[in-house]
Amino acid sequence: MKLITTTLALTLTAAVSVGAYAAKPSAKSKYDGVEIKVITDRTSDGLMQPLFEAFERDTGIEIDAVFLDEGLVARLESRPKEADVIITKDAELIELAKRKGLLAKLESPAIEKSIPAQFRDKDGQYFVDAYRARGIVVSKNRVKPGAITSYEDLTKPEWQGKVCSRSGKHDYNIAVFDQMYKAWGEEKTKKVISGIARNLARAPEGDDREQAKAIMEGVCDVALLNSYYYPKMFEHKSQTKWGQATRYIFPNQSDDGAFIMRSAVALTTSTENRGAARMFAEYMASEKTQRLIVERTKQYSVLPNIAPHASMVQMGADQGLKNGRFKINFVSLEGMADKRPEVIKYVEQIKYDSGPSN
Amino acid sequence: MPAPSAVLGIARDSPLRPGRSLAAWACASVALLAVFFPLAQLAMSALSNSAESIEWIAIWFNGTLAAQTGQTVVVCALAALVTIAASAPQAAAVSLYRFEGAFLVELAALAPMLLAPYAAAGAWAGLDLGRWSHGAVPMAVQIGFSCAPWSYMALRVAISRLPPSLGEAAAASGMGPGTRILRVWTPLLAAPLVGAALFAAARAFGDYGTAERNGTRTFGVAFHDMWNGAQSAHVAAVVALAAVGPALVVAWLASTRARRHPPRQFAGVAGGAQLVRTKPSRAMLLGVVTWSALCFALAVAAPEWQYVVWAIDGRWMGWGKSLAAMGSALATSGAVAIALALAGCAFSICLRPGTKGSLPERLPWLLAANLFVPPMALALAWLSATADGSWLGELMGSARDGKLPLLLAQSAKLAPFALLPVLDRISRENESLRDALRAAGIARLEVWRHVLVMSAPAIALGAAMVFMEAIKELEIAITLQHFGYQSPAIKIHSLARFHSERAIANWVLISQLLMLPALAVVSVWLSRLDKARRLS
Chain C
1 MKLITTTLAL TLTAAVSVGA YAAKPSAKSK YDGVEIKVIT DRTSDGLMQP
51 LFEAFERDTG IEIDAVFLDE GLVARLESRP KEADVIITKD AELIELAKRK
101 GLLAKLESPA IEKSIPAQFR DKDGQYFVDA YRARGIVVSK NRVKPGAITS
151 YEDLTKPEWQ GKVCSRSGKH DYNIAVFDQM YKAWGEEKTK KVISGIARNL
201 ARAPEGDDRE QAKAIMEGVC DVALLNSYYY PKMFEHKSQT KWGQATRYIF
251 PNQSDDGAFI MRSAVALTTS TENRGAARMF AEYMASEKTQ RLIVERTKQY
301 SVLPNIAPHA SMVQMGADQG LKNGRFKINF VSLEGMADKR PEVIKYVEQI
351 KYDSGPSN
Chain F
1001 MPAPSAVLGI ARDSPLRPGR SLAAWACASV ALLAVFFPLA QLAMSALSNS
1051 AESIEWIAIW FNGTLAAQTG QTVVVCALAA LVTIAASAPQ AAAVSLYRFE
1101 GAFLVELAAL APMLLAPYAA AGAWAGLDLG RWSHGAVPMA VQIGFSCAPW
1151 SYMALRVAIS RLPPSLGEAA AASGMGPGTR ILRVWTPLLA APLVGAALFA
1201 AARAFGDYGT AERNGTRTFG VAFHDMWNGA QSAHVAAVVA LAAVGPALVV
1251 AWLASTRARR HPPRQFAGVA GGAQLVRTKP SRAMLLGVVT WSALCFALAV
1301 AAPEWQYVVW AIDGRWMGWG KSLAAMGSAL ATSGAVAIAL ALAGCAFSIC
1351 LRPGTKGSLP ERLPWLLAAN LFVPPMALAL AWLSATADGS WLGELMGSAR
1401 DGKLPLLLAQ SAKLAPFALL PVLDRISREN ESLRDALRAA GIARLEVWRH
1451 VLVMSAPAIA LGAAMVFMEA IKELEIAITL QHFGYQSPAI KIHSLARFHS
1501 ERAIANWVLI SQLLMLPALA VVSVWLSRLD KARRLS
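First to last, the protein sequences are chains C and F.
Under this note's numbering, read the first sequence as residues 1 to 358, first letter to last.
Under this note's numbering, read the second sequence as residues 1001 to 1536, first letter to last.
Next up, chain C with everything else stripped away, as it sits in the complex:
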């Protein structure tokens, strides 16, 4: 009897122990509890914080981030292994970081499979997670439909004193000028940049949305604007009137297409948490995250099966574009980065930022 009781007790104890063990939540990934560090020039508000929280929930990997609005590449040069992952709003910077030997290979079959080749670095060191058009915004009242359809149109004499621009040395303008340089060659690009400078209504100032505001105020009639800012203006009470006063144009659609701005993801040379870092990069390339990116940032997903944000579907309809899709004049990031020094020197040489008096 004693033996039976003891055996029963032991069995019960074992069963309870096994049950308790089984009831413990299983690890979400093999890196559960690992902490990775992400360095980014994007802001925490908007996309990044919800994205990090979703990743932590799904994988158990924790993220410690630093949001460096300025000096991302300088920081990486100074502390190459400080972070595990880099995310940048301007992919050209990540190409520059690659040239300085600050990136590691992604070595991820999942990324290679899901991300189209044109959005992956040829050496496998980074990939583009999303993009937006660097398009044109014009006054609804003062610019007739069809009067401006291309970047080149901004240089026409009829727009003298009617073009607004942010600094010629800002990343967004450098990126579009770099792409022009690579796609069109030196002569035509210089003609376009100097033509825009000649037509400026005022010295370059403010950000993209402030150019739309200037159009509303009658300071100018036309400006360059990234595509996602257009629907975003309608989300803010104070900016709705900026959007309502303007019309968005995807340039060069009957020609070679619009240039784009890209955001990108890469791994640093730090090897400490490489596995978990790679998992995060793969998470950025996943369909779930791509949908979140489209939802939160109104950029275009690099996955062809993900449609543009609902608020962007009608953009470009008056140009005959369908479903918010536009024709891209695709220039590789390597090709762009090659031209960056020449472009900045030219922008400085023609005193682009000094405004129309020059």
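None of these hints come from the bench; they were simulated from the model.
All values derive from a computational prediction rather than experimental measurement.
Any given hint might turn out to be false.
Taking lysine to any residue and the SDA-like style, the derived pairs with C-alpha atoms no more than 25 Å apart in a straight line are [unchecked claim]: (1) LYS232/C / GLY1314/F; (2) LYS351/C / ALA1067/F; (3) LYS140/C / ASP153/C; (4) LYS345/C / SER1050/F; (5) LYS351/C / PHE330/C; (6) LYS191/C / GLN160/C; (7) LYS1403/F / LEU102/C; (8) LYS81/C / PHE1099/F.
Have a look at the derived ranges for each label pair, beta carbon to beta carbon [as the list claims (entries may be wrong)]: (9) SER238/C / GLY1320/F: 24 to 32 Å; (10) ALA1346/F / GLN49/C: 36 to 44 Å; (11) ALA54/C / ALA1085/F: 21 to 29 Å; (12) GLU1394/F / ALA54/C: 35 to 43 Å; (13) GLN49/C / LEU1047/F: 40 to 48 Å; (14) LEU1033/F / ASN305/C: 36 to 44 Å; (15) ASN305/C / TRP1132/F: 47 to 55 Å; (16) LYS30/C / ALA1456/F: 54 to 62 Å.
Using N, Cα and C, we set each Cβ at its ideal position, and we do this for glycine too.
Add chain F to chain C, keeping to what the hints say.
Just chain F now, kept in the frame of chain C:
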């Protein structure tokens, strides 16, 4: 105990002890390090690729430099004018006259300390008044107003050291109010007036956050654009160094002026005289109160009203998010203030008082040069100084990846706020007092305690000012922030990218809440001035 006169006689004859000289040089060396270490880093960076640097200098000289210089000069000059205009009348009225509401005038003059100029710029931009709220002139006004409290304090201090009867004597000799201002007060107050103007100009010169929000292409923005565009530390260093030469000359000249004529407390205090301030005429009172109210309305009330409206209209982000950022900002700003307060204590003890001081006492004034170097350039210098493989980075060990680089860089930048009041205090101390106390047999520790008690108000004032400046500090924090770091200033800057004024409003109000106790310290310190003068 020997008679005091005998003790002072012994003290005057005693030679300088080598220990004190060494300690003074140690303090001077720390101050010099805070100025020249980042500059040396920038110089090394610029020289490490001299061909590229020379090419960029040539491009810059032939490019936008002239336009940037023109705009910078205009903004600096206007900011200096606004600073003086928004502070001098109030400082003169409160210092020289007795009237109901003087305390309110003083609070109104100090209140702009609570609003960073880049935050004011955001509010003005939101008011949508076109060129009245956005551009070079509004930027100059915003910077000018933000510097006015410091000008007010400097003028209050300077006026408190002049006999109030001076104006009456001038009036009795037949001088009208205008002549008195031109021929009596202005020459006597030239040093604080020039200092305040230079301070405002320095702020306008290196500022990035306010200029960017105003779309003004001043030097701070030019530096940022060259750095960002070229993505080259060499290029950024070259541009930053262009600002350094003039800054050092100005700081050195300022130290000459400050030390050649160390202002003394006027004789009335020594005699224990009870001095009486007169009541201002009705017209003068009306003028001062109206002017004070106008400045307050433009500098504080209008932008503050805008932020409160936005905050009410917007959504509260929740305590979890805000408390983390508040804690982070408090810890960083508090640490910078404490570190510089300790430096102030060391300076008080080690530097020679009065006019006896020589080079070691003069060199720390060069700290003022850090006000002229664009803060982003300072950040870049500290970033490269603590890079992987650098001796300083190695020395810091794992602390390099925490708050330490940020604390060092902010301390170097904000050191003038903490240490210049202390240097001023030391220069006014009786130069024989410490030797006299020692000669009278008082223990060294007791002498130090006595010195620290005398310097405590200046040290506390410096710490309070540093704390407020560190809360508002933006450019260095952007570049040197560590992982997990948050601060209201960074939040305000990053949300400005989205024009999310309602969210920004939360952070502006939080930063003001953090600064309120420090503002109270400044206010109490100023109220002590009149007690020290025994004015009624």
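Enumerated hints in conflict with the structure, sorted upward
Per hint list: 5, 8, 11 and 14 violated.
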